[in-house]
Structures are given as C-alpha cells and as structure tokens.
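Colleague: Position chain B relative to chain A; hints supplied.
Given next are the chains, with one letter for each unit.
2 protein chains.
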Amino acid sequence: MTLSADAATEVVPRSVDATGVLATLAAPPPGVVEFNSGYLHASLQPERAMAAALARAGRRPGAWDRPPIEGLPELREWFARGMGGAITAAEVLITSGGQSALTTTLRALAPPGAPVLLESPTYPGLLAIARAAGLRPVPVPVDTDGVRPELLEAAFRATGARVFVCQPLFQNPTGAVLSAERRPEVLRIAREAGAFVVEDDFVRRLVHEDAGPLPTPLTADDRDGVVVHVCSLTKATSPSFRVSALAARGPVLERLRAIQVVDHFFVPRPLQEAALELVGSPAWPRHLRTVAAELRDRRDALAAALRLRLPELALPHVPVGGYHLWLRLPDGTDELGLAAAALRAGVAVAPGRPYFAAEPPAAHLRLSFAALAGAGEIAEGVRRLRAACDEVLG
Amino acid sequence: MTLSADAATEVVPRSVDATGVLATLAAPPPGVVEFNSGYLHASLQPERAMAAALARAGRRPGAWDRPPIEGLPELREWFARGMGGAITAAEVLITSGGQSALTTTLRALAPPGAPVLLESPTYPGLLAIARAAGLRPVPVPVDTDGVRPELLEAAFRATGARVFVCQPLFQNPTGAVLSAERRPEVLRIAREAGAFVVEDDFVRRLVHEDAGPLPTPLTADDRDGVVVHVCSLTKATSPSFRVSALAARGPVLERLRAIQVVDHFFVPRPLQEAALELVGSPAWPRHLRTVAAELRDRRDALAAALRLRLPELALPHVPVGGYHLWLRLPDGTDELGLAAAALRAGVAVAPGRPYFAAEPPAAHLRLSFAALAGAGEIAEGVRRLRAACDEVLG
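Sequences listed follow chains A and B, in order.
Okay, so the first sequence: first residue is 1 according to the UniProt record's numbering, each after it adds one.
Okay, so the second sequence: first residue is 1 according to the UniProt record's numbering, each after it adds one.
Chain A with its partners taken away, still in its complex shape:
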C-alpha cells in the first residue's frame, strides 16, 4: 500500500491546478501546430549567443561560487537601467524567472487567506500562483486601455485587499496597454488603499517593429514605493534562461529579500554570469531587432488569416507587442469542445476559461504566434482551426 494521504489531499488547495497550467506545460503531440506556447520558436531564440555566453560564463574564475545574495551587482545595475531610471541597482533583486519572482512577491505581500486583486482576464499561471499561496483571487475587469480604475477602486473598498497584480504593457491575454490617463489613477488608488501594485512587465523585450515608443514601466512614475516591479529575460530568450528581477523601494524590499532567500537562497551564479555575457554581447541588440520584426510578421500573418478564414471569431484588438491574440467566440460556443476538436485537427489552442478567476463573460480563445516557424505554419494552423470550427460551430 502507499499512504493514500488524506493529509496531502486535504492540504494542497485542490484548485492549485484548476487552471490547467500543468496540462499546457506538457509537450504537444508531434506535428501539432502550437498556438498555445508562450516561448519563442527555436529559430527565434538566440541559440548561438546563449551557448557562447554560457561557455564564457564557465571560464570566468569562481563561476560556481556563491554570488551576493541579491545578485551580481552588474546584473542588478543592468536590470535597473531597463526600469526607466526610478530604480537603483540597490533596489533590485535577481530572481529565477518571472513565475518564481511572482511567487516570492505574493508570499511576501499577502498572508494566506487574503484577497488579491488580479486583472480579468489574466494568465492562468498567475491564478495558479495566487491559489498555491492560499490567496483569494478577486477579478477586476480590463478593457483595451487596461484595468478600469473605477472598478479597481471599488474592489479595494469591497475587499480590503492590499495587493493588485497587473501587466500594464501588452497584458496577457488581451494585449491591452494601460493608458496614459489611467496610470496615475491606478497608482493613486493603490496608495490610498495602502496597497501595493505588482507590475508584471513580462514582454517589454518582445515589442513589435511597428510599435513606436513604449510607455515607461509604471515603477518609473511611482513616487511612493507603491510598485513592486517584476521583469524577466526568459520570454525574450529561451525557456531555461530563467533570470529575472524584482524591484521595490522602501521597507518592502527587505521582506521580499527575506522570502527570496528562504525559498531560493540565490540564482546560481553561472546563469547570472551567462545573462551578463548575453546582454553585453553585440548579438543581443541584433537579436531583439530580429525578434521585433519576426513577431510583427507573424502577428500580421495570423491576424490576416483569421480575418479571412475565421470571420466569425471577433478580434477586437491587435497589439504591437507580446506574442498572442485574444479572440472572442460566438455566444454559446463550447470553447473546451472547440479546443478539443482543434487538437484532433492538429492545432493546439488555449481556451479562454482558465484566464478567468470567476465565470467568464463570454467564450474566448488565445492564439500565440511566437512558437511558430513562420507564415506557412500559421496558415496551416488557421486552416486546421477552420476545420475544427466547422465541426463545432456548425
């Protein structure tokens, strides 16, 4: 017999994977068009530059030594520069990937059982993190200008929450950018609620070629130490390049540091050294330019194919950054049925349900275009999705 583990079954929140994060991490069957991956296609990853960076990191003396707990000073400095100038290197902690940084942050900011305000929709990984931390996700609707301030204010009032997590730039899944008008509102509302805004700045380095100037991170406007900023190199590099940063001002920084140290100690030095080698190499800006052009092309190819072949799927917003489109399905669509039919037809898509903490207002699909080889694969994926829609939508 094995311990049937009443202990275990009762102690881990049953909902920890209600969002299906584990399922999406499983490799799809070969030949399937992957519209549901959040990572760059192998051809878009800076593979040679990363291999060179690791080799150079390995030759540095003391490559396996203990780095300073907070991270290598030069790497903290590099991340701080990318945050718009309001943050100094001393306010940055190096962490091991965005997922892990968000886990640390929520554990540091909210006790088990507390409410946490999240954008709605938001990405399933964040819902899983919140639930695994024993928190109660409270959804606050976003529109194409980001979170709606009046609803945010009401949610703080109704719940007494002390934390709001948001993605102000190319939000996942909607692609929304928090508007210039709303930015100060969000900061004011959080400050008045005595709460923190956790800014998950996850795709600033996956901007498209035609984007024009980007808004600075919200943390650059923050005069009061309200914002805890999270960003990562993973999305712009490769799944195993798990190097990220957490930044905060004031007393909360020490609490983030304490939780980070207890949970992880520090990020292994070879990864930090490799990150410094990579972002300091001439290949890095070239890589970012290539990705910006390739993502724009893939985005346009996918949007055009969808409009041509799947006009019944509404595409209200085409973002100029990030790696996905968010489609609204006709009322009454069985989105799980559609996703299953799509997989049978050879295309993996993400149904909208796991992006909502509560009952969704409508059926959706999220289609990612980062993991695809190019226009040919995109066309084939849309053709297969058309077949699935014919079967399910009738």
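If you are wondering where the hints come from, they were derived from the structure by calculation, not from laboratory data.
No residue lacks a Cβ here, since even glycine has one placed at the ideal position from N, Cα and C.
Heads up, a few of these hints could be off.
Using C-beta positions, here's what the derived DEER-type ranges look like [to be verified]:
id: 1; chain 1: A; residue 1: A303; chain 2: B; residue 2: T159; range: 54 to 62 angstroms
id: 2; chain 1: A; residue 1: R223; chain 2: B; residue 2: P61; range: 46 to 54 angstroms
id: 3; chain 1: A; residue 1: P285; chain 2: B; residue 2: D297; range: 51 to 59 angstroms
id: 4; chain 1: B; residue 1: A154; chain 2: A; residue 2: R223; range: 51 to 59 angstroms
id: 5; chain 1: B; residue 1: R383; chain 2: A; residue 2: G62; range: 24 to 32 angstroms
id: 6; chain 1: A; residue 1: A90; chain 2: B; residue 2: G337; range: 28 to 36 angstroms
id: 7; chain 1: B; residue 1: G62; chain 2: A; residue 2: D300; range: 24 to 32 angstroms
id: 8; chain 1: A; residue 1: G332; chain 2: B; residue 2: R188; range: 52 to 60 angstroms
id: 9; chain 1: A; residue 1: P251; chain 2: B; residue 2: T159; range: 28 to 36 angstroms
id: 10; chain 1: A; residue 1: R223; chain 2: B; residue 2: G62; range: 42 to 50 angstroms
Modeller: Relative to the frame of chain A, chain B by itself:
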C-alpha cells in the same frame, strides 16, 4: 515618502528571520576564520571539473531548451540509483537545491497554521522555511542515536501533525545518525499517525574516509510511501551548483510536482546538463574520495585542537560524516556574547540558540570545518576562540 507598509509588516511572519539565516549568509570580514560556513573551501570544490561540465553542457544542442518539467530522465535515474533502490526515476523530481526542495515539500504537505515536527536541535534554515510557510515548528529532541521515538510518538499524538522532518544521517547540528533500532520505529510511528517523514539526506556525499559502510536512506526501508526524500549536489560541490532531487511514492508525488511547477516551473536545463556531465566524469569519484579524506583530516585537527585548548567545551560526539562539530558550553555561558567576542578576535562561530525552535536546554556552539583551508587555519581559529573564551568565560 515610501509606503511604510503596514500591509507588509503585518503579513510576513516577523519570525521569518528570527533564526538569523540572513546574517549567516553575509560574507564575513576578510581575515576572519570561518567556522560558520556550510560550504566546502574553494580548494575542496571540484572547480575544474565543474567548469568543464558547464562548458560541455553549453555545447550540447538545445542546452537552453525547456527540459521535461520533472527533470532530465538520465539525471532522475542517477538520483534514483543513489537512493538505495526503492525509488524509481519516475518517482524523482529535479529541484533547485535542498532549501528550495524543502520549501516545496512543506508547502505541499502542510497548510499554513499547521504544526510540523522538527528535530531539536535542527538547522536554522529549516526553521526559517517552516516559519515562512506559516507552519508551527514543534521540536522533538534528538540524542546521539537520532530522534527519540517515544517523544516523536507523543508529539504526533499531542499536535495531530502530519509531517516530521528529519536528517537521519549526520544530523545538523548534532551529527547524530538514526540508529538501526529506531529506523523502523520512526516509520511505524509516522504511518500510524497518517503522516509523512521528510528525509533531508543532506550530507550523504560528505562522508569521511573512516566512516565504514553507511546506512541506506530511510526511503529504502519505506514500504508505505511515508517518506519524502530530499537530497542535493550542492554541499558536495559548490554554492551555485543548486541541483537537487525530491522523491516520493504514491499520490503525494503529484502534489509535490504541482507545487514545484507553480513555484519554479523547472530547473534550468544548463544546470541539469552540467550536473550530468559532472557526475558522469572520472573526476567525480576522485573528488568524493579527496573530500572524504580532507574532511576527516579537518575534523580530527579541529577535535584535537578543541580538546587540547578548550577542554571546558564539551564535545560529546565526533561524527564520521558532515562538516561540523556541536559543542556544549559551560552552564550559564552567554553564547551570543561569546560569538561576538569570537568575531572581534577574528573567528566566526555559530551560536546554538538559532538551532532551537523553543528555549534551548543548554548553551552551544556549532563549528564547521568544511570551509577552512587546512590544519593551519583550524589551529589559528581555535587559538582565537580560546582568546574569546578567556574574555567571556572568565
């Protein structure tokens, strides 16, 4: 102004670093003899072999790709073989260091607020992990044969705890090895309590040359899926070599996996590839033999110097594995005052207080010998400690 963060000050357990873990992670002033480090001295780390392993890992195709969530199959297989045969590769998860593996384990096994049984004394990092997880540490005394079964049984009965964490081999700090008589008792008691035994097998690869055959891991005797086993490569290599394994049987494995994925996703592939390269190289068994001989020499040098120069410090047990000695101070010694005087005299030692979840029965010091260059530095450290004792003990 920065947010003075009532939110933060109330939500992180104030006691999270009551054990002083953060302080011990700070680098000591230069010239100080480090009797308080848990890592091997640079000269004992397999630096060239690790650099070569990293370089080879970087040349493997797809070195930065996503590994399987549970870890590379060959590495899971390698860890499984080291666990005494009862565990298969399918029951092993690769994790990023022992600290992180224990955090995942406690979060998976016990809800916030629950009691968790810990050996007393135990290492401060474990107390910090338990407190950061919101758990209530319940100390169960150990003697030189490991945890005392009758007290373990009583503690389960009194608290209803569902988890007991122990280090059956060369326990930190006492060096105790759980005796052959007590091993089945501990398993029976846990099984009858419907509880898990978390086996932190942290120094199996830091055994001394004169140790003779070791007892197998407790997990090898476990017929009921009671044991969750944790082991790591870090202690036998270098601080940044954060590659470890978690093993469990039955339904709890899936819960460990779910928490591990939400908190960390996976261990970066280059570290896993480097681990495989390292343990598969001819340098690896040579390294372990060298460390076994060097640790025995350092242990003997330290024990001899202490007996000669500090006879008033009781040394009840000299272990044949691990990297530290546990000394009892004369009754009434101000151990914090002694540690402070020692640091002024140029030697860093760990006072005993942080090793106890509750009031200590006596004053202690822990002296580690792994981080020292050799016999000369050990002699100098003991000379300085003698000076501090003269000042404090009078």
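Colleague: Decide, hint by hint, whether the structure agrees.
Modeller: Okay, the hints, checked on the actual structure:
1. A:A303 to B:T159: 54 to 62 angstroms: Holds: the Cβ-Cβ distance is about 59 angstroms, inside 54 to 62 angstroms.
2. A:R223 to B:P61: 46 to 54 angstroms: About 49 angstroms separates the Cβ atoms of R223 of chain A and P61 of chain B, which means 46 to 54 angstroms holds.
3. A:P285 to B:D297: 51 to 59 angstroms: 52 angstroms, holds
4. B:A154 to A:R223: 51 to 59 angstroms: Check passed, 56 angstroms falls within 51 to 59 angstroms.
5. B:R383 to A:G62: 24 to 32 angstroms: 29 angstroms, holds
6. A:A90 to B:G337: 28 to 36 angstroms: 32 angstroms, holds
7. B:G62 to A:D300: 24 to 32 angstroms: The hint (24 to 32 angstroms, Cβ to Cβ) holds, given that G62 of chain B and D300 of chain A are roughly 29 angstroms apart.
8. A:G332 to B:R188: 52 to 60 angstroms: Between G332 of chain A and R188 of chain B, where Cβ atoms are some 58 angstroms apart, the hint holds.
9. A:P251 to B:T159: 28 to 36 angstroms: Hint holds: Cβ distance 34 angstroms, inside 28 to 36 angstroms.
10. A:R223 to B:G62: 42 to 50 angstroms: This hint holds: roughly 45 angstroms between Cβ atoms.
Against the hints set out earlier in the document, no violation occurs for any number.
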